[in-house]
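Put the complex together from the two separate chains, hints included.
Chains as they are written, first to last, in the numbering used here: chain A, -2 to 268; chain B, 3 to 254.
Since the hints were made in silico from the structure, they are not lab data.
Warning: the hint list may mix true and false statements.
[What the hints assert, rightly or not] 25 Å max Cα-Cα, derived BS3-like pairs, lysine-lysine:
| no. | chain 1 | residue 1 | chain 2 | residue 2 |
| --- | --- | --- | --- | --- |
| 1 | B | Lys188 | B | Lys198 |
| 2 | A | Lys90 | B | Lys19 |
| 3 | B | Lys241 | B | Lys14 |
| 4 | B | Lys79 | A | Lys166 |
| 5 | A | Lys172 | B | Lys120 |
| 6 | A | Lys172 | B | Lys118 |
| 7 | B | Lys19 | A | Lys85 |
| 8 | B | Lys141 | A | Lys172 |
| 9 | A | Lys166 | B | Lys118 |
| 10 | A | Lys90 | A | Lys166 |
| 11 | A | Lys166 | B | Lys80 |
| 12 | A | Lys172 | B | Lys119 |
| 13 | B | Lys119 | A | Lys166 |
| 14 | B | Lys241 | B | Lys9 |
The primary structure of each chain is shown beneath.
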Amino acid sequence: MTSKLMKILVYLSAAFTFGMLGYLVIYILINGVRFLTPSLFAWNYSTSNVSMMPALMTTLMVVAGTLLIATPIGVFTGFYLVDYANRKNPIVKAIGMATDTLAGIPSIIYGLFGMLFFVIFLDFQFSLLAGILTVTIMSLPVIIRSTEEALIATGMPIRQASYALGAGKLRTLFKVVLPVAMPGILSGVILATGRIIGETAALMFTLGTATNLPGSLFASGRTLSLHMYILSQEGRHVNEAYATAVVLLVFVLVMNALSTLVSKRLAKGGK
Amino acid sequence: MLNQKIKVRDLKLWYGKFEALHGVDLDIYENEITAFIGPSGCGKSTLIKTLNRMNDLVENCRIEGTVELDGKDIYSKKVELNDLRKRVGMVFQQPNPFPKSIYDNIAFGPRTHGIKKKSDLDEIVERSLRQAAIWDEVKDYLDRNALSISGGQQQRICIARALAVEPDVLLMDEPTSALDPISTAKIEELVMELKKDYTIVMVTHNMQQASRISDRTAFFLNGDIIEQDLTRQLFTKPKEEQTENYISGRFG
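Chain B with its partners taken away, still in its complex shape (with noise of 0.2 Å):
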């Protein structure tokens, strides 16, 4: 029932001299919404980004420890990165799409794996604005550029744009900050509609957001994970002192 899809043990991180990150267990299961919540700073979203390897992108960042996703090892050297990249999607804290058509932007990425022919490309494109939910606001304005929407419509664009490569994990880095509370509330609500079919890995500043769509959460402080649990165990009854303090608002 429970299948495990992300398995990190012992994880350390540091960005040069700085230890971000210090020896990290965390258990992320399929169909379920994760959500990482702390402090700025505490390393949610170091972690989260070492999910897809998006911190090889950083210099002088240097991992030790395990990454597994379906038990393999994400790091081992066997491993093709745009592959990985492919089954574990992003969606960032700013909505960034690129300056072009929404259908541009939505193909880019099938594009990139392949997918050459324009019905296969159609298909995919309006099923994964159907998927973001922003299918019926934008269908009539596909070649329209995609920065000319609003900004909680860019998100869902970067969503869909995440969901036409056919992930199995979604990570999403504070999705909603930038946005207003209406653009906000339509993403928690496309987020929960998508656990159904997709991992989600979700880092977030808000832990209302948290304990409303998540299913687990991880606390994170100062680089280390003071607790995961179900989200509604961890928000009630969490185990940890520092817990408490901060889901009942003592600092952070």
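The following block holds chain A by itself, in its conformation from the complex (with noise of 0.2 Å):
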């Protein structure tokens, strides 16, 4: 009896979470496809036609720049906490909490201080600069986390079978540990890549909202989601709004098959 009661309420649950993603998806797709015009994919914006193409570079050039100073550092340092770092060292364990700290911190709180630091402080202006400096220290934490984790799973006998044979440490962390980490860590650095492109508080004060595509590091930009957020705040371009939404979803849809398909690519051949 009670088990049947379960199983209803398990199913329940499911198709509620189910239902409620079907029922985002659809309502964003019947409300947004009808007005996803060619026109929106112009290059330039204006008041008359808000393309959306410079808003989709922007959030591709945010992504990128981001990826490309945050994964290094990210990375190195889940090198550094599992296979360098001594775990009882109270600098460790501060960088730690540091990291766990810094995941928790409502994304404003990094727009506010990438503003008063790199926009003003610094003098960056509202800049594609200032917006990935922010979005950077944002997305910091989720890759060392997952970094950390990845590295601890791979586990000790690797390791010893790879020192016992004679290999070094870095060998041994590049050769045999790297590659076996390696879906885990894409999977943190694709959480992250989701994370920027989803992100609007942190980049309004950084990146500014300038409509069109910025022609130095120095300029301002919107990205996609910001570009949402503001055309359906204006509320003159609701419909535009919904458009957007569709491509962003498809972005998201796309970023996730993607990382799906890598990490099956890794672990299978894992050379």
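Here is the structure:
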């Protein structure tokens, strides 16, 4: 009797979760797809044609720039914490705590910090650079944590095997541990990418909201989600905001599919 | 005739404040199988790890005393650690192949020590796999992931991997404890074959195994070597009472 009740409860919960996602996606698609006109992908934004192309390109730039800085720092920090640092050292504990705290801070606070430090103090103005640096700080904890977990999961035995063959630390880490940990590290990077794509609060006052493609690192721009936020906030282009949402959704789906594919490849290949 | 390979003198080892070995003396001879027996936690695995300095990886581990390989102190500052480990190979309790192809597993060691030529590597891979008596089973699947084969086969891959760097000494830390009886028999047979070319040190929980395959046995208890002798001698006429109690199954 109770097991039957449990079963119903479990199915209901699953249906609810799936239903919410389904409803969301369908709602966005119904309201967005019909406004998805070719003109929305024009290279230039104007008040009469609120093209999302510059925003799409800016999003790619922000993602690429951020990953370029955050991935090496994050991955190396993870390596340091797992394979070099002494776990009981107070400084190492402090780094761990800092990482966890950074991960839990609301993004608007990153935005405020980025504005005060990068935009005003370092005088970067609203710029691609200020935006990238701000979201870099934001995505670091995600990359560090997932690198750490992936490295710990590889375990001691394969390290021992490598050392016992006379391989040094660097060779062990790069040739033995890294390939095994790669899917985990990659999934962290992709999680971070997802956060960057969806970010608005941290970017609004650092990257700014300029409508056209930033011509340099010191020019302002807007990412897709920021573009969507502003369109719907202004209230004059709500339909185009829905169309943007469709593109954003597709973007995220493609990212997800890509990450599954890549990590499967890596897990299988493992040479 | 009997050539001494490893000489351990008054070796003390601490994990933090805990003294795991209290001044151990041990002699290991070339082309023999030396078995370490004793109950869990008696220091036999600890001692075997000092012979290729795997204990360097353990935090707060400190040693006193000397370990000599061919008359040279392996803890001397002059010793290049990676060269030492090339000369003293190790096989672990759990088979631990890399999640790579069988070929890349075997080739990892030689590549580490600078062998790059494909034809040389091919030769080493085949020779090592033949030595580990697994060539016939895997020769058509060299590009398969080493984790996809059975545990017993994995362990022989690990042995082949250790042999590929052409060590003098092969340390085996309970190499069969995670395996089924048939795989165990295969590995025992293999080890007896290998002693022609290598000096073998083997930790085992299994006294029958020690008496079946080893030439010499050292009996450990609570961080001391109670007795070491020819295996035949130690199992039939032990000198110490504790040894007799242990091998007759009164404790342990």
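Structure-based check of all given hints:
{"no.": "1", "hint": "B:Lys188 - B:Lys198", "in the structure": "17 Å, holds"}
{"no.": "2", "hint": "A:Lys90 - B:Lys19", "in the structure": "23 Å, holds"}
{"no.": "3", "hint": "B:Lys241 - B:Lys14", "in the structure": "24 Å, holds"}
{"no.": "4", "hint": "B:Lys79 - A:Lys166", "in the structure": "18 Å, holds"}
{"no.": "5", "hint": "A:Lys172 - B:Lys120", "in the structure": "18 Å, holds"}
{"no.": "6", "hint": "A:Lys172 - B:Lys118", "in the structure": "15 Å, holds"}
{"no.": "7", "hint": "B:Lys19 - A:Lys85", "in the structure": "16 Å, holds"}
{"no.": "8", "hint": "B:Lys141 - A:Lys172", "in the structure": "24 Å, holds"}
{"no.": "9", "hint": "A:Lys166 - B:Lys118", "in the structure": "20 Å, holds"}
{"no.": "10", "hint": "A:Lys90 - A:Lys166", "in the structure": "23 Å, holds"}
{"no.": "11", "hint": "A:Lys166 - B:Lys80", "in the structure": "19 Å, holds"}
{"no.": "12", "hint": "A:Lys172 - B:Lys119", "in the structure": "18 Å, holds"}
{"no.": "13", "hint": "B:Lys119 - A:Lys166", "in the structure": "24 Å, holds"}
{"no.": "14", "hint": "B:Lys241 - B:Lys9", "in the structure": "22 Å, holds"}
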